[in-house]
Amino acid sequence: GENVEQHPSTLSVQEGDSAVIKCTYSDSASNYFPWYKQELGKRPQLIIDIRSNVGEKKDQRIAVTLNKTAKHFSLHITETQPEDSAVYFCAASKGASGGSYIPTFGRGTSLIVHP
Amino acid sequence: GAVVSQHPSRVICKSGTSVKIECRSLDFQATTMFWYRQFPKKSLMLMATSNEGSKATYEQGVEKDKFLINHASLTLSTLTVTSAHPEDSSFYICSAQGLAVNEQFFGPGTRLTVL
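As you go down the protein sequences, you meet chains G and R in turn. Counting from 1, one number per residue, gives the positions in the first sequence under this note's numbering. Counting from 1, one number per residue, gives the positions in the second sequence under this note's numbering.
Quick caveat, the hints were computed from the structure, so don't treat them as lab data. Using N, Cα and C, we set each Cβ at its ideal position, and we do this for glycine too. Honestly, I wouldn't trust all of these hints.
As the list claims (entries may be wrong) - Just the calculated beta-carbon pair ranges, DEER-fashion:
hint, chain 1, residue 1, chain 2, residue 2, range
1, G, Gln14, R, Phe91, 42 to 52 Å
2, R, Thr113, G, Gly1, 41 to 51 Å
3, R, Asp65, G, Lys58, 22 to 32 Å
4, R, Ser89, G, Pro8, 24 to 34 Å
5, G, Gln45, R, Asp65, 32 to 42 Å
6, G, Leu46, R, Lys14, 35 to 45 Å
7, G, His114, R, Asp65, 28 to 38 Å
8, G, Thr78, R, Pro108, 23 to 33 Å
9, R, Asn70, G, Gly16, 42 to 52 Å
Okay, chain G solo, but in the shape it has when bound (with noise of 0.2 Å):
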C-alpha cells in the first residue's frame, strides 16, 4: 500500500518568514495530493490540493509543488502569521473502486508561528 512521509514534525518560525513541509510517497500510481489544516480540538480543513497533472499551484500566501519523478511533494507557506499555527497533514491518493479516494496520510508537521 502507500506510504507518505512527512518532515519535519515540529517547524517554528518568526511571524513574517516562510514555512515549507516536505511529503514523499511510494505508489507511484498515486494522483492526487490534498494538504490539510488542523486546529487544537478541530477537524481538519482542506487548504490546497495538487492533481499530478500539474506541478505547482498557488493560493494567496499557500503554495503546493510537485515532483511526480522523484514522487514528493511540498507545501509552502510565506509571509506567516500567527493564524497560520496548527498541524499540518499532507496525503496522497488514488481513485480506487466505486469512484472513491482513499487517502494516506501524513504524520503531521506542527507549526508554530512566534509573533
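Mind docking chain R on chain G? Use the hints.
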C-alpha cells in the same frame, strides 16, 4: 464547502458500555464515508471505509466486531464502539466524500472518554 456534522461532540461512558457516534453529510450525498481515530498530537489513522448500502471495509488491525459501522443512507453513517474500554478513549473523526469530487469533508470529531 460541504458540511459534515458529527454527534455527540463529547461522550464519557463507563467501561463495558457501548457508544454510538453519528456522522451526517448535511448538504450533499456522501457515497463514501471514512472513520478515523486520532491520538493527541498524532496523525489521522483510518479505521474503515464505508459505502452506502454495503459492508464497511476495515483497515488491518481494526476489530470489526468492536467498531461496528453502518452506512444506512447517503447522508448518515454510524460508528458504534461496543464494550468500550479505557484504551478506546480517543478522538474519532468521520469524513464524507461525494460522487463527483475526491475532496473529503471532515466532521468536527467526537471526544470519547471511557472511565
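Against the structure, the hints:
1. Judged by the Cβ atoms, the range 42 to 52 Å given for G:Gln14 and R:Phe91 is violated: they are separated by roughly 31 Å.
2. R:Thr113 and G:Gly1 have their C-beta atoms about 32 Å apart, which leaves the hinted 41 to 51 Å range violated.
3. Separated by about 47 Å at the C-beta atoms, R:Asp65 and G:Lys58 break the suggested range of 22 to 32 Å.
4. Taken as a hint, the range 24 to 34 Å holds for the pair R:Ser89 and G:Pro8, whose Cβ atoms sit roughly 28 Å apart.
5. Taken as a hint, the range 32 to 42 Å holds for the pair G:Gln45 and R:Asp65, whose Cβ atoms sit roughly 33 Å apart.
6. For G:Leu46 and R:Lys14, the Cβ-Cβ distance of about 37 Å falls inside the hinted range of 35 to 45 Å, so the restraint holds.
7. Checked against the hint of 28 to 38 Å, the pair G:His114 and R:Asp65 fails, with Cβ atoms roughly 48 Å apart.
8. A hinted range of 23 to 33 Å holds for the C-beta pair G:Thr78 and R:Pro108, which are about 29 Å apart.
9. Distance hint check for R:Asn70 and G:Gly16: the Cβ-Cβ separation is about 49 Å, which falls inside the suggested range of 42 to 52 Å.
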